[in-house]
Amino acid sequence: MDLLYLILRAFIQGSIYALASIGLSLQWGVLRNLNFSHGAAITFGAYIVWFSLESLGFTYLFAFIAMLLASFVLGIAIEWLTVKPFFAKNDTNIFIATVALSSIMAQVYHIVFGGRQKFMRPLVDQLIKIGPLQATVQELLTILITAFTLVVLWFILQRTKTGRSIRAVSQDQVGAILSGINTRRVYSTTLGVATMLAGIAGMLLGPIYFVSPHMGESPMVKAFIIVILGGLGSLKGTVIAAFIVAMVEVLVGRYIGVTWAPMMLFIIMIMILIFRPQGLFGVSNRKA
Amino acid sequence: MEDKKAILRVENASRLFGSLRAVDGLSFEVYEGEIFGIAGPNGSGKTTLMNIITQVIPPNSGHIFFHDKPIHKMPSHKICHEGIGRTFQNPTVFESLSILDNMIIGSTFGKNHNRLQSNMDKIKEVLDFVNLDKPLDRIAGKLLVNDKKKLMMAIALIAEPSLLILDEPCAGLNISEAKESIELIRKIGEKGITVMLIEHNMQVLMNISDRVMIMDAGKKLCMGPPSHVCTNELVIEKYLGKRTAKGVKDIAES
Amino acid sequence: MLKTTDNNRKLLLFYILMVLSLLALPLFIKNAYIMHLVIMTCVWGVVVNNWNLTLGYGGMFHIAQISLFAVGGYMSGIFINELMISPWLGLLVGGIFAALVSLIIGLPALRVKGIYLILLTYAFHYGIKELTDHFREITGGSMGLVVPRFRMAGVALQNWQLYYVILALLAVSVLLNWMVVRSYIGKALMAIRDSDILANSTGINPYKFKLMTFVMAAFVSGVAGAFYASYLSVIGTEIFSFTLIVNALGMIVIGGMGTLLGPMIGSFIITFFMEIFSGLEDYRPILVGAVIILVLLFAPDGLIQEGNKRWERWKSRGKKKSEELEV
Ligand SMILES: Nc1ncnc2c1ncn2[C@@H]1O[C@H](COP(=O)(O)OP(=O)(O)OP(=O)(O)O)[C@@H](O)[C@H]1O
Ligand SMILES: [Mg+2]
Chain Y
132 MDLLYLILRA FIQGSIYALA SIGLSLQWGV LRNLNFSHGA AITFGAYIVW
182 FSLESLGFTY LFAFIAMLLA SFVLGIAIEW LTVKPFFAKN DTNIFIATVA
232 LSSIMAQVYH IVFGGRQKFM RPLVDQLIKI GPLQATVQEL LTILITAFTL
282 VVLWFILQRT KTGRSIRAVS QDQVGAILSG INTRRVYSTT LGVATMLAGI
332 AGMLLGPIYF VSPHMGESPM VKAFIIVILG GLGSLKGTVI AAFIVAMVEV
382 LVGRYIGVTW APMMLFIIMI MILIFRPQGL FGVSNRKA
Chain G
9 MEDKKAILRV ENASRLFGSL RAVDGLSFEV YEGEIFGIAG PNGSGKTTLM
59 NIITQVIPPN SGHIFFHDKP IHKMPSHKIC HEGIGRTFQN PTVFESLSIL
109 DNMIIGSTFG KNHNRLQSNM DKIKEVLDFV NLDKPLDRIA GKLLVNDKKK
159 LMMAIALIAE PSLLILDEPC AGLNISEAKE SIELIRKIGE KGITVMLIEH
209 NMQVLMNISD RVMIMDAGKK LCMGPPSHVC TNELVIEKYL GKRTAKGVKD
259 IAES
Chain D
13 MLKTTDNNRK LLLFYILMVL SLLALPLFIK NAYIMHLVIM TCVWGVVVNN
63 WNLTLGYGGM FHIAQISLFA VGGYMSGIFI NELMISPWLG LLVGGIFAAL
113 VSLIIGLPAL RVKGIYLILL TYAFHYGIKE LTDHFREITG GSMGLVVPRF
163 RMAGVALQNW QLYYVILALL AVSVLLNWMV VRSYIGKALM AIRDSDILAN
213 STGINPYKFK LMTFVMAAFV SGVAGAFYAS YLSVIGTEIF SFTLIVNALG
263 MIVIGGMGTL LGPMIGSFII TFFMEIFSGL EDYRPILVGA VIILVLLFAP
313 DGLIQEGNKR WERWKSRGKK KSEELEV
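Chains as they are written, first to last, in my numbering: chain Y, 132 to 419; chain G, 9 to 262; chain D, 13 to 339.
To be clear, the hints were calculated from the coordinates, so they are not data collected in a lab. Glycine is no exception: its CB is placed at the ideal position from the N, C-alpha and C atoms. Some hints could be false.
Said to hold, decoys possible - Every beta carbon over 12 Å from chain D, so not counted as near; a handful from chain G, in silico:
(1) A14
(2) Y39
(3) P49
(4) H89
(5) E103
(6) R123
(7) Q125
(8) D129
(9) E191
(10) G200
(11) D224
Stated by the list, open to error - Here are the simulated lysine to aspartate or glutamate pairs, DMTMM-like style, with alpha carbons at most 20 Å apart:
(12) G/K156 with D/D208
(13) G/K156 with G/E191
(14) G/K150 with D/E318
(15) Y/K220 with D/E318
(16) G/K228 with G/E42
(17) Y/K220 with G/E103
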């Protein structure tokens, strides 16, 4: 029964990890670049929701919508500032620019909202117990929201024109350009969507941890591990890897010791790099 | 032809990308001292074939022998030390470095020296040979396409390879530049270097090659001397088309 | 080509003057705090000098240099405290451990291409931080590890003496870098940075050269870390703060990535910049970040090169005008 409980915990944790990393993976697919400000984007989502709820008195739904809009705009701004000037010319500079940007953003949060941790109230504040299993309603909602978000994302990628062009570009840059796709637009849309996904992750993380200027950094480290494990650019792999990482964390935390979990992940990551650098589900090693 | 010695022997080599068989169970030999032409439709696996010979992309299966030595498990740099030089379809040079540095890198590492080799006479000689007459301190990234291609060729040549693999050296050049490039390849052949040449223009290919292989969907469609290849039914049907076939045939026979 | 000898002589003179003034520096600086800043400039100078060797020349995207610096500091401190070795020996211990650790991450990570290295080193950075937390009995955890100061003949060294120690390390580091860059190793690194595929088929084994440089750079940074710990007589987990990574990157970018002396000038600028604007407190990281992005956008070769370019253009413009007048 203990095991069943652990699996439930891993499922909750894994959902958030999936949301936190899928944006990175999407971005890698399209831009072949990693965005170091992804963690700051997670934090951004949390702050916007917190601010909308506490200071503007929005309902959760409106706070959510406000967060989505703001995150999308932020994503476009990130692309404009850190990717556009250097794309296809200097990958190192994109990397450095996003590092610098993430530091700027964290400090802006610090100045605007203060360094103190903020408590974000959950959507529903209730505990559910079924036999030995127990979870807050918020945690169950987290799983639902993640599932819903992933389905919507899947729908967008498969069925809409924007989604199809995103997939086209991530499969073949040159071919996409030749077939008349406006790759510039695809790049900024992708960053917008990726940042929205990060924002949703932030919103869900808020009530579980506290909202603080650097709260997005540790999920970002996990997200990096997850995208490697899942295979850079493979969305399916990313989601599965998110649950694997959560499972490892929960199990190691329970049976070996909480402080050993990060070490374990690190070891797994090295193993993957040595034996299967394309990740568990990755196919493309075109331009790693 | 029978008593010629094979410098390169490819046996049943394959490379897959996902489910796509880019090179599919290919076998052939390249003889010492010849110019071996390769042609085929876009995506037929020519570049991939070059990549698996030089291990830029390792083959999934098959054996490759160079001077009877197996090289299908060797890393790229060792293959270079063995004496296979190559150029790339897209002009690739060391962009941020000067022409001189590019050449020094070629002559130092091409033969696995661990001290910088900067013999100016030799560098000048090779640059003269490929007819690149830009100042030595010019940054390679600032060169035009044709000059980049010449430099790329010079980097490969200064390591004194015994087999030189050229991937569409004339692509993207204008007619007079392409002519110059073809002349250069002929000169390389005359120096006794074996050449594998990928070229889309059949007239050019038939004219310069001793033997030709036509590829299609990763397989060998036909191989032999130019006159033989251009009369092959399959080649005409699948690749050349009737009209081109006639023109090419005239050239091959002349 | 002929002019360079003349230029070389000028440069040599410049270098000699620079070295002399660096040697004479303690004579002019009486303020203890400024002396401290100068020492810190040199410490960060060593770190960014080596980070630049791997990142700027070798094109290896990684953020491990500060983590390795921290490994050097902590291991030296732990050995000094637990095994009672002298801080001088600690310098060596720090270097060796940093090199060992860099070998452990470099062996798998340098085998695959760029991006994995960033990811791995980023996770590594946090992994080391977690480890220091985990073993807090010997690392001091968030309280920091207290490390004995350098002594000679039983007397604790003063800052102006320590300045010469770190200056010597900086000199060794720069010299080593200079030798590497000029040698066949440097050419191989730059070739790999420009195109690893072409480099590989030109006979270069990218893995070998990258690993070699990565480990060497780690060793020197580890020694600097050991110096840092003993100099400040404490090393704490704030060494893992992201701000330090950003600052160090700033030093490299501002001074000029892939140049030998640029990053050290960057180190000087950032260290003193942080001090001059200390009144701005919270706004400093924003300023540093903004400066980095602006430099990337408008002077991607660094301020030194950019200044040089402007100056040359300005000079030649003057020349052109005078030529026109003569005609
Ligand atoms: N690294 C790769 N990853 C995935 N697919 C690849 C890769 N390299 C080549 N391919 C695919 O393999 C097939 C053969 O490609 P290849 O470049 O060898 O053809 P080619 O004969 O050189 O064509 P071209 O005349 O256009 O140069 C193509 O369908 C191509 O899309
Ligand atoms: Mg090709």
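Here is how each hint holds up against the structure:
1. A14: Its Cβ never comes within 12 Å of chain D, the nearest being 22 Å, so this holds.
2. Y39: Consistent with the label, G/Y39 stays out of reach of chain D, its closest Cβ about 23 Å off (over 12 Å).
3. P49: Fine: 25 Å to the nearest Cβ keeps G/P49 off the interface.
4. H89: Non-interface label fails for G/H89: nearest chain D Cβ at 6 Å, not farther than 12 Å.
5. E103: violated, 5 Å
6. R123: violated, 6 Å
7. Q125: The assertion about G/Q125 is violated, with a minimum of 9 Å to chain D.
8. D129: holds, 16 Å
9. E191: holds, 25 Å
10. G200: holds, 21 Å
11. D224: Fine: 26 Å to the nearest Cβ keeps G/D224 off the interface.
12. G/K156 with D/D208: holds, 17 Å
13. G/K156 with G/E191: holds, 17 Å
14. G/K150 with D/E318: holds, 19 Å
15. Y/K220 with D/E318: OK: Y/K220 and D/E318 at ~18 Å, within 20 Å.
16. G/K228 with G/E42: holds, 19 Å
17. Y/K220 with G/E103: holds, 12 Å
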